Amino acid sequence: MTSLITQAMKLIIGDDPRKLIKRPLKRLTDRQLIKLESEIGRTLFGEIPAGRTREFFCLDSETWVWYEQWHEASGALKEHTIRYEVHPHGIMKVQDNGQNYSFLEGDELQNLALATQAYEERVMRELYKRDPKTGKLLTGHPGLQTIRPYR
Amino acid sequence: MANYQPKPDYTDEQPSAIETQTSFEDAPLAEVIDLDEARERLRGMDTTDREPKIEQPAPISERERTQLNSEKLKKHTNNVVAMRHFAVIHGGRLPSADQFRRAS
Numbered sequence: 034m035t036s037l038i039t040q041a042m043k044l045i046i047g048d049d050p051r052k053l054i055k056r057p058l059k060r061l062t063d064r065q066l067i068k069l070e071s072e073i074g075r076t077l078f079g080e081i082p083a084g085r086t087r088e089f090f091c092l093d094s095e096t097w098v099w100y101e102q103w104h105e106a107s108g109a110l111k112e113h114t115i116r117y118e119v120h121p122h123g124i125m126k127v128q129d130n131g132q133n134y135s136f137l138e139g140d141e142l143q144n145l146a147l148a149t150q151a152y153e154e155r156v157m158r159e160l161y162k163r164d165p166k167t168g169k170l171l172t173g174h175p176g177l178q179t180i181r182p183y184r
Numbered sequence: 010m011a012n013y014q015p016k017p018d019y020t021d022e023q024p025s026a027i028e029t030q031t032s033f034e035d036a037p038l039a040e041v042i043d044l045d046e047a048r049e050r051l052r053g054m055d056t057t058d059r060e061p062k063i064e065q066p067a068p069i070s071e072r073e074r075t076q077l078n079s080e081k082l083k084k085h086t087n088n089v090v091a092m093r094h095f096a097v098i099h100g101g102r103l104p105s106a107d108q109f110r111r112a113s
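Those protein sequences? They're chains A and B, same order as listed. One gets the working numbering by counting positions in the first sequence from 1 and adding 33 to each. One gets the working numbering by counting positions in the second sequence from 1 and adding 9 to each.
Source of the hints: derived by calculation from the structure; they are not laboratory data. Incorrect hints may appear among the rest.
In silico DSSO-like links for lysine-lysine, alpha-carbon gap of 27 Å or less [said to hold, decoys possible]:
1. A:K166 - B:K83
2. A:K162 - A:K68
3. A:K166 - A:K68
4. A:K68 - B:K62
5. B:K62 - A:K126
6. B:K62 - A:K169
Beta-carbon label-pair distances, calculated as ranges [said to hold, decoys possible]:
7. A:N130 - B:E80: 25 to 35 Å
8. B:I63 - A:R158: 41 to 51 Å
9. A:D140 - B:K62: 51 to 61 Å
10. B:L51 - A:L171: 52 to 62 Å
11. A:D164 - B:D45: 21 to 31 Å
Computed from a prediction, not measured in an experiment: that's the story for all the values here. The beta carbon of each residue, even a glycine, is placed where N, CA and C say it ideally should be.
Please construct the entire structure, taking both the sequences and the accompanying hints into account.
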């Protein structure tokens, strides 16, 4: 019976009705989600000057990436990448393809921690549609379960 | 008096206990407090206008601050990665709390 209804709906609206259930994140890969997250991450540090490209995202459980690209007055394309690596003993800042590295401390580390907090809160709300504190879905679907983030 | 020798201005020796002892000869006599009387006095006092003590957080060392911020950053990183992981695996569906905890 269910199959009959499904087939009838398919004839009328041209698609499996089960697919009409909103699943905004379905079919997105890890990489695509990172790209979407970075669209939020790049706005965390204020307005991006014209002609500049900025990315800020969490690559994996051990890496955050800051990337900027711009054109110099001479027209030459310049880019700068900073990797922030999560180590057991602290957060390491890696620049220039690993030639410069140091453990973060003081205000720089605090600012990065605040940026990651803002990133988590905004990404959870705007991309994954969840309350960052409770893990509950913001769209309010009935009967959906709650997940709890690390606290 | 004839044997008196002035002390040098500076000496490496630590002053002896006797030299550093405070003399109580000139100190005022300690007031003997009658506890019952003190309690009575306190009862009559209006303490409502006293400002409450605001507990100041204990200052933390730079090392502790670094550790604290590193832990915060790790926590946010784990939350983001876990959320993304489930978004990839489950699409729009939601994992149960158990599934989420198992993965973490």
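Quick rundown of the hints versus the structure:
1. The hinted pair formed by K166 of chain A and K83 of chain B meets the criterion: a straight-line CA distance of about 16 Å does not exceed 27 Å.
2. Pair hint K162 of chain A plus K68 of chain A holds up; C-alpha atoms about 16 Å apart against a cutoff of 27 Å.
3. Of the pairs offered as hints, the one joining K166 of chain A and K68 of chain A holds, with about 23 Å between alpha carbons and a cut-off of 27 Å not exceeded.
4. A hinted pair counts as satisfied when its Cα atoms are at most 27 Å apart, and K68 of chain A with K62 of chain B does not qualify at roughly 50 Å.
5. With a C-alpha separation of about 42 Å, the suggested pairing of K62 of chain B with K126 of chain A is violated against the 27 Å cut-off.
6. The hinted pair formed by K62 of chain B and K169 of chain A fails the criterion: a straight-line CA distance of about 38 Å is larger than 27 Å.
7. Taken as a hint, the range 25 to 35 Å holds for the pair N130 of chain A and E80 of chain B, whose Cβ atoms sit roughly 28 Å apart.
8. Separated by about 34 Å at the C-beta atoms, I63 of chain B and R158 of chain A break the suggested range of 41 to 51 Å.
9. Between D140 of chain A and K62 of chain B, the C-beta spacing of about 30 Å breaks the proposed range 51 to 61 Å.
10. One distance hint, 52 to 62 Å for the beta-carbon pair L51 of chain B and L171 of chain A, holds here, with the actual separation near 55 Å.
11. Distance hint check: the CB atoms of D164 of chain A and D45 of chain B are about 58 Å apart, inconsistent with the given range 21 to 31 Å.
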